[in-house]
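**Student:** Given the coordinates of chain U, assemble chain P onto it according to the supplied hints.
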Amino acid sequence: MTSSTNGSTINGSTWRRDALIAAVALAVLVSLPFVANKGIVFVAGTLALHVVFGLSWNLMFGQTGLVSFGHASFFAIGGYAFAWTAKMFPQLHPLLLFAGAGVLGALVALVVGMIALRRSVGVYFAILSLALSQIVYLLLSYTPSLGQEDGLTGIRRPLLSLGLTTIDLARGDNYYYFMIAMCTLLAIGLWWVVHGSMGRVFKSIQQDPERAAFLGINVQGYRLRSFAIASGTTAIAGALYGPWLQLLTPEIAHWTFSARPILYTLLGGVQSFWGPVVGALCFAVLEYGTRTLHGLSEIVVGCILLLIVLAFPGGLLGGLSRLGKRMAGKPAVAAKPELAR
Amino acid sequence: MSNDFSRRQITKSLAVFGAASAFGSFTRPSFAQGQPIRLGLISPLSGSQEVIGRYQLAGATIAVNQINQAGGVLGRKIELVTRDDKAAPAAGVAAAKDLSGNGVNLMLGVLSSGVALAIAPTLQADKSVLVVSAAAANELTHDQFSPNVFRTADHAYSRQRALAKLVAGDYPAVSDWTAINPQTAIGTSNWDSFVDGMLQFYPELNKKDPKITDAIWAKFGATDYKNDIAQLMRSKSEGLYCGVYGGDAVTMFGQAAAYGLTKKFKVLVDPGSEFIIAQAMGKNTPPGLWSGFHWFYGAYKGQKINDDLYDAYVKMTGDKYPAGYVGEAHTSVLAYANAIQKAGSTDTDKVIAALEGLEFDSCKGMRKIRKEDHQAICDINFVQFGPDDTEQGWKITDFKVIKDEGLSEAPAPGQPLKFLYNKKG
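Taken in sequence, the protein lines are chains U and P. First residue of the first sequence: 0, per numbering that gives the first Met the number 0; consecutive thereafter. First residue of the second sequence: 0, per numbering that gives the first Met the number 0; consecutive thereafter.
Isolated chain U (complex conformation) (with noise of 0.2 Å):
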């Protein structure tokens, strides 16, 4: 796109804000195996994959404007296609297997995508997602080699082979290292996505389809592209996830876990690319801190979403920028008009 000077030097801020929060992240992440149990490391291993996961979905949603009520199809496809080809291929190399998990992710959105978004966006694209994923669930749960209801267990932290030295997953806790590690990337990919040129085309489809197309910008290319590059990204987060748990079963294919990026990113901030990361992050601390109130733990967590999402319509983060103008004197009415949306 054309606007250079004043695009660069918004990147050059965004930049350095979000490397900095993205670093506190990390610092966090990496010492915590030092300070904390095992069941809090084990809590935040799963809450990058889901990090993963919320970025992914809000790449479609909050930059294309695609509703997808079916993206656990993607983390699933990535999961088990990694399991079965680990399984059946030991001797090929983890990280071969974890992008070809993406690439088959991908591939499968853009033949989904070739056909789903061909007429359909808005509701009807939410519905078509939702059937594949349910296709997904089904086939799963009935095909013998993927273990059908009980799924694949026994799935192995790999021997990571990098030239010079093997690391093996398996000990300590490395496999949550090269986690972090894999999410890290992943999570930098999509930030380069959303603030590079090919964000930008997106934003422009998400606010105003008709325009972009006026303007040149071929539409239904660019919503596959996002579609794609979200389900591949979801792929390797699912890939990830089964020798994290060691176990995959076809509930990771199910509505409800399609369910979990769409809060995520209503929780956080639909506007904002920290959204999704913030949603995915208060989520897991409610689950974790309610966790010995049996019984009781949905009923709360789900009132507190309630209280969030009635307080902050925009999602914590849009409530959070609302309420900074507001301390600095400016009217709320100044905010954004995609921020009042």
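Everything labelled a hint here was simulated from the structure, so no lab data went into it.
Just a few of them, taken from the derived set where beta-carbon distance is under 10 Å, the chain U residues facing chain P: (1) 39; (2) 40; (3) 147; (4) 148; (5) 169; (6) 291; (7) 295.
Distance windows between CB atoms, simulated: (8) P:246 - U:210: 50 to 60 Å; (9) U:119 - P:282: 50 to 60 Å; (10) U:294 - P:396: 33 to 43 Å; (11) P:404 - U:184: 58 to 68 Å; (12) P:415 - U:14: 50 to 60 Å.
Just so it is clear, CB atoms sit at the ideal spot from N, CA and C, and this is done for glycine as well.
**Tutor:** Relative to chain U, chain P alone:
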């Protein structure tokens, strides 16, 4: 203004809540002599399986109270720390990690085999032990064996073979059997084990071969069994093994009543729904239905551990029908108490060594945990139900205790279960 205030309040309380929950867990507890011995119970305490988790919680709580009243173990009291696994593998692993992270390395409970199989491989690295109180999958003591997992309850193979021994002995005229099973690993493994038992015990007891007709496979959690029932109505078999269990069995029998399915078959058996079918069906309880039990209190009347547990349960809950899960969770706590006493320590490795080969008394008599594959050898209980004219609508018409003499397979940890008679299995 008031709106603003409440928002600030919410944010503030959320922040305090979040910080408190995070910091609360950062502090690592350390044991000193005289401090309680903490046992972690992992069980579904919310969600659809909570009804069963509640039984496990009751059984474990009663055992802990009884032990503490008698002076504890090694002079220390026992404390039960509970965690909800929601019968979901991911939540189960999170619960086990949370327990070991908080210094609770001795765990028990677990209803779902999926959860047990998910937790098993994580235990060794976390220096923890799990004593399984219910999950019956054969894999736990075979292909997926972990040196840190023990099972004090009966398993699928011994239970289903005991059921075959029961019907082969009591119903010699019924030689043709078929089944309706859920498409799950446990569904397949239960049926294969039952067939294995039939192929051994029927010829041994009746001097002729049984006929096994191919089973009908239904979707786990299905809501419509009409096609399957219609297929069963055309079957020539006289005995029906109803492998669909729990809520699915209630749905299936509810729909089957209209077709007269329960009258068509001479014998109906169920692998382990315990009281669930009778309590849900009331007056429509299939007459003569044999159901597998983890523990049936009525079979051990007069034995102190059994009677004390039953009385404590009725006093605690007001419910007169404790499910077998109560007894099995109670047993797992007793196993720990015996092992800790024997080891003189709560150290994980020492407790593991003490559990191996442990013989101890329980609500269904003496049990022995095999050293090789960590499977307990114990009695297997069955109860027969039928409809009744009372308000309750059902009654217990008979019960059986089958001793595990030649029911369990030879220990083979790390290797898949080999069926001796059922070559298809």
